[in-house]
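Note that the protein sequences, when read in sequence, are chains A and B. So for the first sequence, numbering that gives the first Met the number 0 puts the first residue at 0; every next one is plus one. So for the second sequence, numbering that gives the first Met the number 0 puts the first residue at 0; every next one is plus one.
Because the hints were derived from the structure by calculation, they are not lab data. Check each hint, because a few of them may be wrong.
No copy labels: a pair is met if it fits in one copy or bridges any two.
With a straight-line cut-off of 20 Å between C-alpha atoms, the simulated DMTMM-like cross-links for lysine to aspartate or glutamate are [to be verified]:
#	residue 1	residue 2
1	K43	E24
2	K43	D185
3	K207	D185
Protein chains: 2
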Amino acid sequence: MDGSVRIGILGTGVVGQTIGGKLVELGHDVKLGSRTATNEKAAKWVAQNGARASQGTFADAASFGEMVFNCTSGTVSLEALRSAGSTNLAGKVLVDVANPLEFSRGMPPTLSVSNSDSLGEQIQREFPDAKVVKTLNTMNAGVMVDPSSVPGEHDVFICGNDVDAKSRVRELLRSFGWRNIIDLGDISAARGAEMVLPIWLRLMATLKTATFNFHIARG
Amino acid sequence: MDGSVRIGILGTGVVGQTIGGKLVELGHDVKLGSRTATNEKAAKWVAQNGARASQGTFADAASFGEMVFNCTSGTVSLEALRSAGSTNLAGKVLVDVANPLEFSRGMPPTLSVSNSDSLGEQIQREFPDAKVVKTLNTMNAGVMVDPSSVPGEHDVFICGNDVDAKSRVRELLRSFGWRNIIDLGDISAARGAEMVLPIWLRLMATLKTATFNFHIARG
Numbered sequence: 000m001d002g003s004v005r006i007g008i009l010g011t012g013v014v015g016q017t018i019g020g021k022l023v024e025l026g027h028d029v030k031l032g033s034r035t036a037t038n039e040k041a042a043k044w045v046a047q048n049g050a051r052a053s054q055g056t057f058a059d060a061a062s063f064g065e066m067v068f069n070c071t072s073g074t075v076s077l078e079a080l081r082s083a084g085s086t087n088l089a090g091k092v093l094v095d096v097a098n099p100l101e102f103s104r105g106m107p108p109t110l111s112v113s114n115s116d117s118l119g120e121q122i123q124r125e126f127p128d129a130k131v132v133k134t135l136n137t138m139n140a141g142v143m144v145d146p147s148s149v150p151g152e153h154d155v156f157i158c159g160n161d162v163d164a165k166s167r168v169r170e171l172l173r174s175f176g177w178r179n180i181i182d183l184g185d186i187s188a189a190r191g192a193e194m195v196l197p198i199w200l201r202l203m204a205t206l207k208t209a210t211f212n213f214h215i216a217r218g
Numbered sequence: 000m001d002g003s004v005r006i007g008i009l010g011t012g013v014v015g016q017t018i019g020g021k022l023v024e025l026g027h028d029v030k031l032g033s034r035t036a037t038n039e040k041a042a043k044w045v046a047q048n049g050a051r052a053s054q055g056t057f058a059d060a061a062s063f064g065e066m067v068f069n070c071t072s073g074t075v076s077l078e079a080l081r082s083a084g085s086t087n088l089a090g091k092v093l094v095d096v097a098n099p100l101e102f103s104r105g106m107p108p109t110l111s112v113s114n115s116d117s118l119g120e121q122i123q124r125e126f127p128d129a130k131v132v133k134t135l136n137t138m139n140a141g142v143m144v145d146p147s148s149v150p151g152e153h154d155v156f157i158c159g160n161d162v163d164a165k166s167r168v169r170e171l172l173r174s175f176g177w178r179n180i181i182d183l184g185d186i187s188a189a190r191g192a193e194m195v196l197p198i199w200l201r202l203m204a205t206l207k208t209a210t211f212n213f214h215i216a217r218g
């Protein structure tokens with residue numbers, strides 16, 4: 000993307016703050032959205048990130064952004080997006096980074112939607128005028144914005160129905176430092192991307208670190 | 000494993016034939032098992048693989064093997080294992096390579112069990128005296144027995160409840176040429192290993208080859 004873009008981020012957790020911080024660093028204007036306009040975590044993030052950083056409600060952030068990131072917990076994403084409002088999302092690229100991890104049934108978490116459907120598809124169905132692009136959900140937040148934190152070749156997956164929207168997200172990913180971007184096709188590929196979470200969680204436990212990533216080795 | 004081992008393989012498809020062929024090549028005695036003792040595909044495989052190769056029913060193969068491989072289609076694995084017989088599997092290492100891919104509901108296939116359970120766990124629950132080790136299910140048959148067919152570093156996952164059984168399978172994997180073997184823990188990790196199939200299928204379509212594999216890049 001040439002120059003500065005206004006970006007709305009839904010969600011004030013580690014993923015939203017980390018992606019938001021990186022976007023500000025890259026010269027974009029970022030509004031972090033949450034349930035209320037006076038979220039403490041968001042206020043702290045705004046104070047740390049300077050003049051290009053602001054906060055507001057989900058609707059404020061979605062309205063502000065030319066591009067919107069869904070960084071909420073997957074089990075509450077649809078509710079957050081409804082609160083953001085379909086008119087505020089219409090025609091925009093909606094980057095879905097969320098995972099539908101259900102922790103309420105004990106450990107290990109399961110996926111609240113999977114196999115024959117996915118969160119990415121649910122969002123696209125409910126917000127048909129948004130251009131949903133699923134990406135970055137298969138790694139830790141730190142790796143999302145700094146691929147060089149994991150040595151060697153490794154990959155980020157991308158999928159969505161709108162080719163132009165995927166190009167724009169690809170460009171943003173390149174500005175984060177990504178070189179290996181694998182396009183899995185339409186938004187139904189979100190099933191596969193979300194279903195790697197169970198092995199990701201096992202790998203984190205086995206490797207005792209979250210600083211790792213998938214690479215597809217091939218000829 | 001020192002010297003020759005008797006191995007029973009359940010399933011006469013590409014996976015069973017490919018693993019069976021490799022095991023014969025490594026000097027083991029292999030019996031390929033199917034529903035009948037006179038399976039045409041198995042007969043052809045026996046003719047191609049020489050004196051150490053034989054065929055029989057599922058029960059014949061399980062009874063013959065000191066170690067048994069489940070290479071049947073995942074949706075019929077439990078039925079095949081019942082036919083093999085729990086007494087023929089008791090005390091043995093049962094290497095589960097199958098994926099519960101359900102093709103009957105149209106494309107893309109879904110998993111007939113996933114998320115809060117897995118085929119590996121179902122098998123271990125129904126055959127508690129077998130030592131189930133899930134491995135090799137995350138790649139194409141050719142890559143399973145010839146990791147060097149994919150250039151660069153890439154990995155095979157292993158999981159199961161019995162530490163000694165995993166050591167023996169690890170040794171067998173090393174004899175196939177595997178160097179990067181990642182132990183995901185107990186058999187419940189089969190959920191994660193089986194749930195990578197949807198992204199694997201998407202990657203095959205995108206990359207237009209099945210000769211690729213997952214690598215976990217890390218520091």
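Violations among the numbered hints
2
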